[in-house]
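**Student:** With the hints as extra help, turn the sequences into a complete structure.
Protein chains: 2
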Amino acid sequence: MFGAIYRLPEQIEEAVSKMEYSIAQFKASLVRTIVITGLGGSAVGGDMLRSYAADKCPVPIFVNRGYTLPSYVGKDTLVIAVSYSGNTEETLSAYADAKRRGAQVVAVTSGGILKKQAWADGYVVVTVPGGLQPRAAAGYLFIPQMLLLQKAGLLPDCGEEITETVRVLYEMRLRLAPQVKSEHNLAKRIASRLFGKIPLIHGATGLTETIAYRWKTQLNENAQTVAFAHSYPELNHNEIVGFDVPLELIEKIEIITLTSNHNHPRVQKRIEITMGEVLANTACGRYELPAQGASELAQMFSLLYVGDYVSAYLAVLYGLDPTPVDKIVQLKNRLAD
Amino acid sequence: MFGAIYRLPEQIEEAVSKMEYSIAQFKASLVRTIVITGLGGSAVGGDMLRSYAADKCPVPIFVNRGYTLPSYVGKDTLVIAVSYSGNTEETLSAYADAKRRGAQVVAVTSGGILKKQAWADGYVVVTVPGGLQPRAAAGYLFIPQMLLLQKAGLLPDCGEEITETVRVLYEMRLRLAPQVKSEHNLAKRIASRLFGKIPLIHGATGLTETIAYRWKTQLNENAQTVAFAHSYPELNHNEIVGFDVPLELIEKIEIITLTSNHNHPRVQKRIEITMGEVLANTACGRYELPAQGASELAQMFSLLYVGDYVSAYLAVLYGLDPTPVDKIVQLKNRLAD
Numbered sequence: 008m009f010g011a012i013y014r015l016p017e018q019i020e021e022a023v024s025k026m027e028y029s030i031a032q033f034k035a036s037l038v039r040t041i042v043i044t045g046l047g048g049s050a051v052g053g054d055m056l057r058s059y060a061a062d063k064c065p066v067p068i069f070v071n072r073g074y075t076l077p078s079y080v081g082k083d084t085l086v087i088a089v090s091y092s093g094n095t096e097e098t099l100s101a102y103a104d105a106k107r108r109g110a111q112v113v114a115v116t117s118g119g120i121l122k123k124q125a126w127a128d129g130y131v132v133v134t135v136p137g138g139l140q141p142r143a144a145a146g147y148l149f150i151p152q153m154l155l156l157q158k159a160g161l162l163p164d165c166g167e168e169i170t171e172t173v174r175v176l177y178e179m180r181l182r183l184a185p186q187v188k189s190e191h192n193l194a195k196r197i198a199s200r201l202f203g204k205i206p207l208i209h210g211a212t213g214l215t216e217t218i219a220y221r222w223k224t225q226l227n228e229n230a231q232t233v234a235f236a237h238s239y240p241e242l243n244h245n246e247i248v249g250f251d252v253p254l255e256l257i258e259k260i261e262i263i264t265l266t267s268n269h270n271h272p273r274v275q276k277r278i279e280i281t282m283g284e285v286l287a288n289t290a291c292g293r294y295e296l297p298a299q300g301a302s303e304l305a306q307m308f309s310l311l312y313v314g315d316y317v318s319a320y321l322a323v324l325y326g327l328d329p330t331p332v333d334k335i336v337q338l339k340n341r342l343a344d
Numbered sequence: 008m009f010g011a012i013y014r015l016p017e018q019i020e021e022a023v024s025k026m027e028y029s030i031a032q033f034k035a036s037l038v039r040t041i042v043i044t045g046l047g048g049s050a051v052g053g054d055m056l057r058s059y060a061a062d063k064c065p066v067p068i069f070v071n072r073g074y075t076l077p078s079y080v081g082k083d084t085l086v087i088a089v090s091y092s093g094n095t096e097e098t099l100s101a102y103a104d105a106k107r108r109g110a111q112v113v114a115v116t117s118g119g120i121l122k123k124q125a126w127a128d129g130y131v132v133v134t135v136p137g138g139l140q141p142r143a144a145a146g147y148l149f150i151p152q153m154l155l156l157q158k159a160g161l162l163p164d165c166g167e168e169i170t171e172t173v174r175v176l177y178e179m180r181l182r183l184a185p186q187v188k189s190e191h192n193l194a195k196r197i198a199s200r201l202f203g204k205i206p207l208i209h210g211a212t213g214l215t216e217t218i219a220y221r222w223k224t225q226l227n228e229n230a231q232t233v234a235f236a237h238s239y240p241e242l243n244h245n246e247i248v249g250f251d252v253p254l255e256l257i258e259k260i261e262i263i264t265l266t267s268n269h270n271h272p273r274v275q276k277r278i279e280i281t282m283g284e285v286l287a288n289t290a291c292g293r294y295e296l297p298a299q300g301a302s303e304l305a306q307m308f309s310l311l312y313v314g315d316y317v318s319a320y321l322a323v324l325y326g327l328d329p330t331p332v333d334k335i336v337q338l339k340n341r342l343a344d
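Which chain is which? The protein sequence lines are A and B, in order.
Each residue of the first sequence is one higher than the one before, counting from 8 in the numbering used here.
Each residue of the second sequence is one higher than the one before, counting from 8 in the numbering used here.
I should point out that these hints are in silico values taken from the structure, not numbers from a laboratory.
Do not rely on the hints blindly, as some may be mistaken.
Where chains are identical, the list cannot tell them apart; a pair therefore holds if satisfied intra-copy or between any two copies.
In silico DSBU-like pairs for lysine-lysine, Cα to Cα no more than 30 Å straight-line [said to hold, decoys possible]:
no. : residue 1 : residue 2
1   : Lys-106   : Lys-276
2   : Lys-276   : Lys-158
3   : Lys-25    : Lys-63
4   : Lys-259   : Lys-339
5   : Lys-34    : Lys-188
6   : Lys-259   : Lys-25
**Tutor:** What follows is the structure, given as structure tokens:
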């Protein structure tokens with residue numbers, strides 16, 4: 008897992024260069040809605056795209072996590088079916104649904120049944136390199152979706168943002184990699200804060216909501232710990248009231264707030280007041296982590312990158328291997344019975 | 008709070024009869040997208056509508072929780088601005104955004120600035136009775152939105168489902184109300200399970216995902232406890248791995264799984280295997296709560312109703328008043344400075 012995390016910037020560069028050809032083949036007709044269907048690590052790229060595109064794309068993007076597609080999906084819908092393995096049963100089911108409805112379909116996968124079926128059905132297939140855990144392939148799974156939308160004229164050119172993102176990640180890993188000691192390694196220090204605690208990751212509607220959820224799932228899968236996520240400003244209307252009882256458990260919650268200077272200024276004000284005043288007398292721990300880089304894309308990936316490392320270091324602190332996901336394998340085997 | 012919860016079936020009936028006139032005034036032009044903008048208790052109705060309509064509505068429904076609207080909002084978008092108080096600053100900001108973009112706007116509110124502005128701007132205003140906490144007005148806030156979509160030809164007739172929902176809730180409250188002792192009162196028994204624990208509410212993509220989140224926020228606001236929510240099948244791809252560490256805290260998590268016979272059969276299978284086998288050796292508590300009633304709408308509201316009562320009973324167990332939300336008031340005051 009550490010090797011895959013380290014190689015995220017290379018992964019993004021490779022995604023741009025290797026998948027250019029498949030994306031060039033894609034020709035969209037009129038697209039009125041975009042549905043990205045996937046689960047878990049294969050849905051993260053869709054979440055990030057939805058967040059990134061919310062103020063840029065002329066049509067709505069919906070991330071679908073289930074066996075069927077919403078009723079509005081039709082021939083004017085672009086359905087991007089994402090399954091890293093190509094064998095996720097929910098996604099294969101949703102893919103069949105998309106085909107039945109005559110949607111414009113693109114498959115993003117490393118192989119499996121999805122690749123075979125999409126080829127046979129004559130859809131564009133973006134083949135990503137295999138051999139990783141799906142959650143370790145965030146670059147391979149996100150970048151082609153972004154480029155597909157750009158190709159379809161649904162997103163402005165994002166070349167410069169990708170270039171900045173790669174540069175920021177290369178710089179960051181010099182300070183986050185395993186050989187860098189804790190005193191200089193932010194990810195190791197945050198992992199220490201989370202040891203023995205329940206992590207609660209706060210983002211904000213817009214760029215960081217998605218990344219907060221990514222932290223939660225990486226902490227679940229890599230560190231095998233419970234972890235939760237929520238977002239501003241919504242959490243100001245409910246979750247902040249919920250830190251009174253039971254006191255002995257609230258003391259064990261560590262809130263990590265991901266911030267971005269792309270947040271709406273009132274959201275930034277909300278974060279300041281909530282963290283500095285409203286939750287000042289609650290028992291939970293609190294830590295703010297600002298995004299790095301200038302562009303929206305670089306900021307998203309910078310926060311994701313710290314979270315990936317934090318989750319792997321926390322696994323080490325717990326004496327666990329961050330790679331296997333035994334319970335998911337157990338479930339899949341039983342579902343296949 | 009107990010009085011408002013008790014009166015939910017009457018609230019739904021009143022919403023149908025009292026708001027008929029405002030809804031009849033609404034005439035939609037071509038609608039390609041629907042955006043419901045609101046926060047906290049004022050967003051719940053939109054969430055429920057999105058879940059309920061996912062397999063019925065010919066256009067996408069998006070619930071927006073923030074200061075601005077997505078870039079695709081334009082004159083072919085129906086924007087429903089929901090603020091129970093009429094003074095939620097995020098919703099007023101999003102309302103102004105909708106107006107600027109020439110969207111088709113309807114306001115749902117008990118009064119405040121939103122009501123004044125929407126009247127002045129010549130939009131349809133659905134006025135709901137005031138004097139409640141927003142979270143206690145779920146019936147008033149949900150039903151008119153459902154009827155608006157029906158009026159616009161975007162949902163099939165839902166009269167029978169509403170009738171069944173009201174009947175189911177009337178029956179349920181005979182067994183859930185405060186005068187019914189714990190041994191016969193499911194909500195009191197679930198509240199006892201949650202006492203001293205961290206509630207984790209699991210729903211499923213489709214009907215119950217939204218209700219699981221409603222339970223979380225009601226537990227936050229009424230019982231002032233920490234609480235979290237997640238949904239099948241997504242949680243099968245991450246959260247289930249996260250119950251290994253830290254063990255002493257995992258023992259304090261109580262999972263309540265909301266089930267519905269409208270779930271996809273493979274989702275139902277996933278719930279069975281996850282609860283019965285995959286999580287069988289983890290330390291967390293587990294309880295399954297099936298929906299009541301036959302229709303989708305009745306099932307959603309039946310699970311919501313139990314959750315509302317559970318949150319209020321848990322407040323009582325903690326010796327707290329379920330009505331005030333001091334931290335939200337403190338935040339609003341500071342934001343107004």
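**Student:** Against each hint, give a clear statement of whether it holds in the structure.
**Tutor:** Against the structure, the hints:
1. Taking the shortest alpha-carbon separations for Lys-106 and Lys-276, only the inter-copy value of 25 Å comes in at or below 30 Å, while the best intra-copy value is 46 Å.
2. When the C-alpha separation of Lys-276 and Lys-158 is checked against a cutoff of 30 Å, the pair qualifies neither within a copy, at 37 Å, nor between copies, at 40 Å.
3. In the homo-oligomer, the alpha carbons of Lys-25 and Lys-63 lie at most 30 Å apart inside one protomer (26 Å), although the nearest pairing across protomers, at 40 Å, exceeds that limit.
4. Taking CA atoms no more than 30 Å apart as the test, Lys-259 paired with Lys-339 passes between copies only; the shortest distance there is 27 Å, against 32 Å inside one copy.
5. With identical chains, the CA atoms of Lys-34 and Lys-188 are never at most 30 Å apart, being 49 Å at best within one copy and 65 Å at best between copies.
6. In the homo-oligomer, the alpha carbons of Lys-259 and Lys-25 never lie at most 30 Å apart, since the shortest distance is 45 Å inside one protomer and 48 Å across protomers.
In the structure shown, a violation is registered for the earlier hints numbered 2, 5 and 6, in ascending order.
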